[in-house]
Amino acid sequence: MSLVSSLFLVFVAAVLLLYYIVPKSIRLWVVIAASLAFAAFLGFYTLLFVLISAVLCYVGGLLAGPSKSNAFRNVFTVITVVINIALLCAVKYYNVLGFAAERLNLLFGASETSNTFFLYAVPVGMSFYVLQTTGYILDCRWEKIAPEKNFFKVLLFATYFPQLMSGPMNTYANLSAEFERAKEVKFSFERISDGAVRIAWGFFKKLVIAERAAIIVNMVYGDHNTFTGWYVPIGVFFFAIQLYSDFSGCMEVVNGVSHMLGIELPENFNCPFFSKTVQEYWRRWHITLGAWLRDYILYPVLKSAPLIKIGDWAKAKFGKKNGKKVPTYIALFILWFAVGYWHGGLWNYVIGSGILHFIYIVLGMIFEPVSKKIRPKIGADKLYFRIFQSVRTFILMLTGFVFFRSATVMDAVDMYAAIFRKGGAALNWENFSSTGMDLANLIVLAVAVLLVLAVDAYKYVPSEDDKPKSAIAFLRSKGIVILWAAFMVLVVATLIFGRYGLGYDSGSFIYARI
Amino acid sequence: MSREEIYDKLNEVFQDVFDDEDITVNDSTVASDVDGWDSLEHINLIVAVERCFGIKFTMGETTGLKNVGEMVDRIIAHLG
Chain A
297 MSLVSSLFLV FVAAVLLLYY IVPKSIRLWV VIAASLAFAA FLGFYTLLFV LISAVLCYVG
357 GLLAGPSKSN AFRNVFTVIT VVINIALLCA VKYYNVLGFA AERLNLLFGA SETSNTFFLY
417 AVPVGMSFYV LQTTGYILDC RWEKIAPEKN FFKVLLFATY FPQLMSGPMN TYANLSAEFE
477 RAKEVKFSFE RISDGAVRIA WGFFKKLVIA ERAAIIVNMV YGDHNTFTGW YVPIGVFFFA
537 IQLYSDFSGC MEVVNGVSHM LGIELPENFN CPFFSKTVQE YWRRWHITLG AWLRDYILYP
597 VLKSAPLIKI GDWAKAKFGK KNGKKVPTYI ALFILWFAVG YWHGGLWNYV IGSGILHFIY
657 IVLGMIFEPV SKKIRPKIGA DKLYFRIFQS VRTFILMLTG FVFFRSATVM DAVDMYAAIF
717 RKGGAALNWE NFSSTGMDLA NLIVLAVAVL LVLAVDAYKY VPSEDDKPKS AIAFLRSKGI
777 VILWAAFMVL VVATLIFGRY GLGYDSGSFI YARI
Chain B
5 MSREEIYDKL NEVFQDVFDD EDITVNDSTV ASDVDGWDSL EHINLIVAVE RCFGIKFTMG
65 ETTGLKNVGE MVDRIIAHLG
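Note that the protein sequences, when read in sequence, are chains A and B. Residue numbers for the first sequence follow the working numbering, beginning at 297 and rising by one. Residue numbers for the second sequence follow the working numbering, beginning at 5 and rising by one.
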């Protein structure tokens with residue numbers, strides 16, 4: 297069941313109805329039942345792995361809790377975390393962890409389809425809930441939380457249906473507090489209408505923008521021999537639009553549904569394409585993944601005894617200021633390798649979503665002192681420099697998206713080569729529109745993207761009290777009629793301009809496949 | 005060790021880690037008040053504080069401290 301499908305909307309309507317009519321004391325049982333039913337809809341393997349992960353999470357938490365000796369807790373924390381991550385790697389990332397010879401092939405051209413069993417068995421959303429449940433076990437070990445004794449509370453945390461497929465990733469402390477709060481939430485028309493607008497906005501982003509941008513993306517990425525030269529940057533530009541609309545659209549639906557239940561989930565996006573630097577971009581794109589990796593990989597690695605020793609050695613060797621950067625660079629490399637690896641068990645992800653960003657960030661850190669000196673001399677406080685910063689960051693992101701969307705590393709390298717390849721299709725309207733992007737589609741896409749840009753710009757400009765802004769709250773402040781008019785416009789626009797004709801695969805959220 | 009004595013030592017640690025002799029911290033000091041106190045420098049600070057006081061913060065404390073006041077509370081708790 298895709299999050300963007302009529303079946304999902306019917307499912308959500310049924311859950312909401314039950315949720316608000318049953319006594320409050322049993323409403324979370326409705327959510328547990330709905331979550332297991334949703335996992336079952338996603339397939340047998342998904343339900344099986346979700347249940348395994350929940351049991352492991354529950355047992356791991358209890359064994360890692362503070363009532364035992366530290367040695368005992370450490371052993372069982374490692375065992376349960378390793379089993380959890382190993383399951384994820386074995387099922388999802390076989391392509392990187394397999395035999396060495398096969399892996400060399402992978403680097404030079406093998407594709408994801410090299411092992412059909414693991415492709416067949418991959419449970420949906422595993423990359424998300426495995427990290428979330430692993431975080432729970434570590435939180436118990438690090439005494440951020442007390443281990444939960446009630447299995448069903450852990451089961452709900454591990455399987456909560458809106459976020460099961462694509463996140464946002466959450467901590468037990470946050471989500472369990474939301475579940476407790478939800479027990480007292482009263483039905484409110486305002487809550488339902490706000491959630492409905494977010495869901496409609498998500499459908500709009502996915503069906504009107506992402507699916508339409510995909511026409512150009514598929515055309516350019518699919519044929520580097522024909523679509524060369526300027527077609528390559530154009531294709532990568534539209535992939536950035538496709539990916540952002542796809543994933544952020546998915547999050548609008550997830551957060552909207554959860555808001556209707558009175559359970560608030562963290563935001564995963566905050567106007568990423570306005571970022572001044574690569575570091576800032578990663579604080580605005582897939583925010584909950586960044587937070588997870590910071591808390592559970594970066595900090596523990598930096599605070600580990602070997603890294604502290606390396607830091608001491610480097611400070612003695614290179615001086616205090618430069619020396620302390622050495623362990624930071626090592627930890628950042630491990631972090632970014634993990635980011636790339638998480639995105640998919642193929643080297644194009646490891647490079648395009650990981651190592652490349654590590655290089656950009658480290659270069660940014662190395663040149664920061666020089667940049668600090670230069671900035672006042674070139675009018676860095678002016679608007680033109682601010683625009684330059686965002687454009688520069690966006691272009692750096694595009695260089696990674698070449699790898700992200702390509703099937704293999706060699707495919708991505710070939711795409712770069714295609715920029716300079718002679719003999720391809722001339723850049724004209726006839727060729728550009730040859731696979732379906734006619735003028736009407738291009739106008740619809742441009743208008744829709746400008747709308748997303750306008751909403752993001754509204755959110756990006758800080759309010760006087762520095763609180764986060766919401767387009768829905770803005771519409772509501774203009775009156776309920778305006779809010780519902782916006783909802784109707786989105787629904788009608790999605791029905792008219794949404795791309796879900798023959799061949800449309802509503803289950804094809806890019807991040808649901810990660 | 006009194007709270008004042010802890011602050012005396014803590015100020016020295018902050019001045020050393022952030023390379024600024026003018027830094028003085030208090031209960032309400034947060035990361036945004038200190039130039040250079042980002043998520044990476046935070047760990048350098050935590051390690052320096054641990055060494056200075058001969059204690060070990062848990063990961064929960066490392067990531068969960070809201071301000072310097074809470075840090076001092078945790079130092080006092082660890083020192084027993």
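There's no promise every hint is true.
What the hints assert, rightly or not - In silico BS3-like cross-links for lysine-lysine, where the CA-CA straight-line distance does not exceed 27 Å:
1. LYS599/A to LYS13/B
2. LYS620/A to LYS60/B
3. LYS599/A to LYS60/B
4. LYS668/A to LYS617/A
5. LYS613/A to LYS70/B
These aren't lab readings, by the way, just hints derived from the structure by calculation. Bear in mind that the values here come from a model prediction, so they are computed numbers and not experimental data.
Evaluation of the provided hints:
no., hint, in the structure
1, LYS599/A to LYS13/B, "holds (21 Å)"
2, LYS620/A to LYS60/B, "holds (20 Å)"
3, LYS599/A to LYS60/B, "holds (10 Å)"
4, LYS668/A to LYS617/A, "holds (16 Å)"
5, LYS613/A to LYS70/B, "violated (34 Å)"
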